[in-house]
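Colleague: So the chains spell out like this:
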Amino acid sequence: MRRLLVPLVLGLATLAAAPASARVGEREDLLGRAERAYREQRYGEAIEAYERLVATGIQNEELFYNLANAYVLEYRDASRVGDEKRRAGKLGRAILYYERALRLEPGFDDAAYNLQVARDLVAARFGADKVKDAAREPLWIRAATWLPLSTLAWTFLALDVAFFGILVAVRFLPTGFVRTGLIVGEVFVGAAGLVAGLLLAGHVHYRDNVRVSVIVADEVVMREGPDPSRREMPTLHAGLRVVILRESDGWYRVRLANHMEGYVPKTAVEEI
Amino acid sequence: MLRLRLSIGVVIAATLATAVGLEGRAWAQPVEFTLKVTPTSGTIHEEYVATVQIVTRGVSGPERFWPPDFGDFTVVDQRTSQSTQWMYDPVRGQEIRSSETRRYVLRPRRAGKLRIGEARLRLDGVEYQTKPVIVEVLEAAGGLGSGTPTAPGSAPAIPPPDPSIVGTTFLHVVPDRTKVYVGEQVTVTWYLYTRSEVLKYEPKPPRFDDLWSETLYEPQNYLNYTEDVVNGRTYSVAVVARRALFPTKAGKVVVPKFHADVATMATPFGQPLRLSSREVTLEVQPLPPGAPAAFDPAYVGQFTVEASIDRDNVPAGESISMQVVIRGAGALRRTKIPTLEFDGFTTYPPRTFDEKVDTTTALVRGERRYSYVLTPKRGGTLALGPIEIPYFDPTTNRYEIARSDVLKVKVIGDPALLAGGAGGLGSGENVIARDIRPAREIVALRTRVAEKAWRHRGFWLVFAAPAGLFLGVVLADKLRERLRRETPRARLRRARGRARKRLRLAELHIKGGRAGKFFGEIARVLSEHVEERVGEPVAAMTREKLRDFLKDRGFPEETIEALVRELENCDFARFAPSASGPGEMRAALRRVRALLTAIEKVRPVRLDEEAAA
Numbered sequence: 001m002r003r004l005l006v007p008l009v010l011g012l013a014t015l016a017a018a019p020a021s022a023r024v025g026e027r028e029d030l031l032g033r034a035e036r037a038y039r040e041q042r043y044g045e046a047i048e049a050y051e052r053l054v055a056t057g058i059q060n061e062e063l064f065y066n067l068a069n070a071y072v073l074e075y076r077d078a079s080r081v082g083d084e085k086r087r088a089g090k091l092g093r094a095i096l097y098y099e100r101a102l103r104l105e106p107g108f109d110d111a112a113y114n115l116q117v118a119r120d121l122v123a124a125r126f127g128a129d130k131v132k133d134a135a136r137e138p139l140w141i142r143a144a145t146w147l148p149l150s151t152l153a154w155t156f157l158a159l160d161v162a163f164f165g166i167l168v169a170v171r172f173l174p175t176g177f178v179r180t181g182l183i184v185g186e187v188f189v190g191a192a193g194l195v196a197g198l199l200l201a202g203h204v205h206y207r208d209n210v211r212v213s214v215i216v217a218d219e220v221v222m223r224e225g226p227d228p229s230r231r232e233m234p235t236l237h238a239g240l241r242v243v244i245l246r247e248s249d250g251w252y253r254v255r256l257a258n259h260m261e262g263y264v265p266k267t268a269v270e271e272i
Numbered sequence: 001m002l003r004l005r006l007s008i009g010v011v012i013a014a015t016l017a018t019a020v021g022l023e024g025r026a027w028a029q030p031v032e033f034t035l036k037v038t039p040t041s042g043t044i045h046e047e048y049v050a051t052v053q054i055v056t057r058g059v060s061g062p063e064r065f066w067p068p069d070f071g072d073f074t075v076v077d078q079r080t081s082q083s084t085q086w087m088y089d090p091v092r093g094q095e096i097r098s099s100e101t102r103r104y105v106l107r108p109r110r111a112g113k114l115r116i117g118e119a120r121l122r123l124d125g126v127e128y129q130t131k132p133v134i135v136e137v138l139e140a141a142g143g144l145g146s147g148t149p150t151a152p153g154s155a156p157a158i159p160p161p162d163p164s165i166v167g168t169t170f171l172h173v174v175p176d177r178t179k180v181y182v183g184e185q186v187t188v189t190w191y192l193y194t195r196s197e198v199l200k201y202e203p204k205p206p207r208f209d210d211l212w213s214e215t216l217y218e219p220q221n222y223l224n225y226t227e228d229v230v231n232g233r234t235y236s237v238a239v240v241a242r243r244a245l246f247p248t249k250a251g252k253v254v255v256p257k258f259h260a261d262v263a264t265m266a267t268p269f270g271q272p273l274r275l276s277s278r279e280v281t282l283e284v285q286p287l288p289p290g291a292p293a294a295f296d297p298a299y300v301g302q303f304t305v306e307a308s309i310d311r312d313n314v315p316a317g318e319s320i321s322m323q324v325v326i327r328g329a330g331a332l333r334r335t336k337i338p339t340l341e342f343d344g345f346t347t348y349p350p351r352t353f354d355e356k357v358d359t360t361t362a363l364v365r366g367e368r369r370y371s372y373v374l375t376p377k378r379g380g381t382l383a384l385g386p387i388e389i390p391y392f393d394p395t396t397n398r399y400e401i402a403r404s405d406v407l408k409v410k411v412i413g414d415p416a417l418l419a420g421g422a423g424g425l426g427s428g429e430n431v432i433a434r435d436i437r438p439a440r441e442i443v444a445l446r447t448r449v450a451e452k453a454w455r456h457r458g459f460w461l462v463f464a465a466p467a468g469l470f471l472g473v474v475l476a477d478k479l480r481e482r483l484r485r486e487t488p489r490a491r492l493r494r495a496r497g498r499a500r501k502r503l504r505l506a507e508l509h510i511k512g513g514r515a516g517k518f519f520g521e522i523a524r525v526l527s528e529h530v531e532e533r534v535g536e537p538v539a540a541m542t543r544e545k546l547r548d549f550l551k552d553r554g555f556p557e558e559t560i561e562a563l564v565r566e567l568e569n570c571d572f573a574r575f576a577p578s579a580s581g582p583g584e585m586r587a588a589l590r591r592v593r594a595l596l597t598a599i600e601k602v603r604p605v606r607l608d609e610e611a612a613a
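The listed protein sequences correspond, in order, to chains A and B. Heads up: the first sequence at position 76 corresponds to 76 in my numbering, and the numbers run straight through without jumps. Heads up: the second sequence at position 35 corresponds to 35 in my numbering, and the numbers run straight through without jumps.
Keep in mind the hints are simulated off the structure, nothing from the lab. Predicted, not measured: the structure shown is a model, and the values here were computed from it. No residue lacks a Cβ here, since even glycine has one placed at the ideal position from N, Cα and C. Check each hint, because a few of them may be wrong.
Partial pick of chain B residues on the chain A-facing surface, computed with a CB cut under 8 Å [said to hold, decoys possible]:
hint	residue
1	T168
2	V462
3	V473
4	R586
5	A587
Computed, partial: chain B to chain A, Cβ under 10 Å [to be verified]:
hint	residue
6	F208
7	I309
8	D312
9	P315
10	P390
11	T447
12	R484
Could you build all of it, start to finish, from the sequences and the hints given here?
Modeller: Written out as structure tokens, the structure is:
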């Protein structure tokens with residue numbers, strides 16, 4: 001019986017691990033295909049492979065960045081040959097993925113630079129958007145998202161551990177220079193922890209409750225109601241940031257940075 | 001013993017002698033022995049000055065001096081000046097230094113890279129030599145205006161000073177010309193003439209209004225003297241400043257007085273005297289009419305322009321970089337960044353530039369390098385240039401134009417299509433030309449930990465853990481403290497524990513039929529329990545004394561009687577164990593348990609409390 005037990009356990013473990021390793025293998029394969037296509041300037045294929053990778057649920061800023069680059073370069077190639085159909089929607093999606101990369105890593109310089117290039121392309125093609133401060137977040141969002149969520153989370157945890165660690169030390173240490181120093185340090189650690197906690201809470205709230213999105217269609221007309229027959233409002237262009245307020249039969253009610261609200265088709269908007 | 005002392009004396013004497021010898025050798029070395037030539041590049045028509053500087057410690061100079069081999073230069077003038085100075089050396093303290101300056105005014109016989117050989121000297125039997133100097137002599141004429149500006153540090157024949165200012169020590173100003181155009185270089189030199197040894201010199205340079213100034217020469221550590229004869233008297237003469245001045249407006253422009261505080265052996269008590277040179281008035285002529293369009297008035301002199309591009313094939317949508325280099329003689333630092341426009345390109349002018357200005361030659365020369373970004377607006381082969389920089393040449397009194405070569409660029413594709421395509425950008429603005437930054441290598445396809453972590457329950461558990469740990473530590477500490485505290489309740493708890501143990505032991509004695517040990521055990525239980533309650537030993541008390549003692553402590557009468565009876569019972573049974581069977585022992589155990597409960601219920605009165613009451 002014991003002789004059978006070991007192979008049985010190993011077999012079951014292999015069976016359990018098989019789907020996971022297959023998934024990893026598939027991802028690696030997709031990544032390889034995407035990177036090869038990108039290197040060989042077949043940006044359409046690179047986009048397809050990258051998009052399939054993203055669909056597996058990976059949240060990786062470099063993946064988003066490369067995908068966005070592929071969209072911009074595909075747009076450029078299509079523009080060179082005057083292929084209007086091929087370049088449609090590319091800039092909006094490029095901006096979406098640059099924004100996603102920056103959401104994960106706010107200090108991602110290359111992404112910020114390329115995002116600006118993509119926005120300039122949109123402005124060059126459709127003219128500068130008339131919505132004032134369209135790409136500018138309110139102050140509290142800028143403060144809360146100033147650091148990446150991971151950095152904030154680890155900083156907050158570290159400060160938490162340090163705070164209570166010092167408290168324990170202070171309780172047991174005799175009165176003296178070291179104890180006084182620790183008490184002073186505790187005040188600073190506590191204050192820093194409070195700030196980090198507030199920023200983390202703000203960041204989490206922003207992630208969970210504020211549905212910041214990007215217009216991915218080249219152009220979309222905002223309407224007063226969730227119906228194509230409703231009165232037209234301003235035309236929005238690719239890359240414009242909006243906040244989704246609610247859904248309604250294939251339409252989103254969105255709010256612009258200037259607090260103007262209206263409806264756009266769900267297909268024209270994607271959450272960052 | 002005597003021999004040992006002699007040996008030590010010899011060693012000390014030898015060491016001292018060696019030290020003195022080394023010191024003497026170090027003393028004899030020249031502090032400075034250099035050969036300098038100014039300028040190190042220029043034209044064949046200019047004069048060059050070779051200066052050999054010899055500074056030695058002490059009052060004696062070198063034993064022998066060999067001048068440099070001037071090769072393809074002709075020596076047209078030669079002067080030697082000597083001086084002695086008191087110096088303060090941080091290591092040696094106050095000391096005397098002798099300075100000897102030998103100047104050779106040279107004229108080149110041919111163009112090319114000409115070598116001036118090393119100068120040599122012998123001092124205390126040791127020979128020293130300088131490094132040779134290479135001078136680049138060009139064929140092209142470089143002179144501007146009516147005269148030839150003098151080289152910095154050179155010693156041309158100095159125009160005689162006005163007799164009215166001549167004294168023992170005075171400042172003499174010499175401009176190389178007084179009639180110039182706006183923007184043309186005037187070289188002004190200020191000399192210090194003195195017949196007495198200068199103890200202190202502190203210059204107070206003037207502020208130049210309506211004149212752009214470049215410093216050509218300023219003495220660094222000490223003044224280099226030559227000799228000149230004024231009114232039959234020999235003076236030591238040193239250049240104290242030489243400036244290239246460029247008038248910025250027409251009319252009469254005044255070069256202000258140069259002041260200096262100078263103390264000499266002749267000034268009373270060695271106090272410094274404020275000396276001033278005379279003013280110089282320049283007659284500045286406006287530039288003649290007919291200036292070309294886009295003429296920058298700072299371009300007065302002689303200039304050339306060169307242009308180059310980083311590539312001559314460019315895909316539509318990309319940019320090229322154009323380097324523009326403007327070289328010449330004049331106030332290059334005053335010039336503005338040229339505004340360039342090319343047909344078929346959008347030009348992005350630079351905000352900064354690289355600049356090199358050489359003020360070691362007679363004329364201020366230099367170059368500026370600008371980098372322009374050009375974005376093609378249409379496809380095909382496009383021409384860049386020529387770039388034209390108009391300037392006024394005072395030597396010919398004419399406006400000239402410096403031109404670069406025409407450059408060709410092949411633009412592959414149509415940038416206009418890229419910019420907006422059909423229905424695209426009307427202005428032709430080509431923003432796609434900005435390259436995006438390249439893709440990143442994805443080393444590991446991982447989702448960021450924190451993206452999931454902060455949603456995970458584990459994150460909040462980790463967050464709460466330090467707080468929980470702290471609370472646990474505090475509670476454990478409190479508990480331990482409390483347990484340590486000596487209270488009636490704590491004593492009772494301890495007594496109960498002990499009683500439980502002894503009663504368990506007593507039960508074992510019942511089972512083993514050891515009556516003597518059983519009664520001994522329960523007698524101890526009762527005594528210890530009472531002792532714990534009252535806090536005093538009672539085992540050694542007689543029954544009568546115990547009765548009184550417990551009565552005083554507030555024990556009820558029946559409890560006291562039951563206790564005394566049980567203790568007496570135990571005493572009896574211990575000494576007659578065969579009379580007690582298991583049944584009797586169990587009955588005794590039950591009684592003792594009841595008695596222990598009764599003892600626990602008593603709240604003993606402490607005598608000190610009673611006394612206080």
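Colleague: Could you run down the list of hints and mark each one as holding or not?
Modeller: Right, here's what the structure says about each hint:
1. T168: Status violated, d = 69 Å.
2. V462: holds, 6 Å
3. V473: At 6 Å from the nearest chain A Cβ, B/V473 passes the 8 Å test, so the hint holds.
4. R586: This interface hint is violated because 52 Å lies over the 8 Å limit.
5. A587: violated, 55 Å
6. F208: This interface hint is violated because 46 Å lies over the 10 Å limit.
7. I309: At 22 Å from the nearest chain A Cβ, B/I309 fails the 10 Å test, so the hint is violated.
8. D312: It is violated, given that the least Cβ distance between B/D312 and chain A is near 20 Å, above 10 Å.
9. P315: holds, 8 Å
10. P390: violated, 36 Å
11. T447: holds, 4 Å
12. R484: violated, 16 Å
Consistency note: the structure conflicts with the earlier hints numbered 1, 4, 5, 6, 7, 8, 10 and 12.
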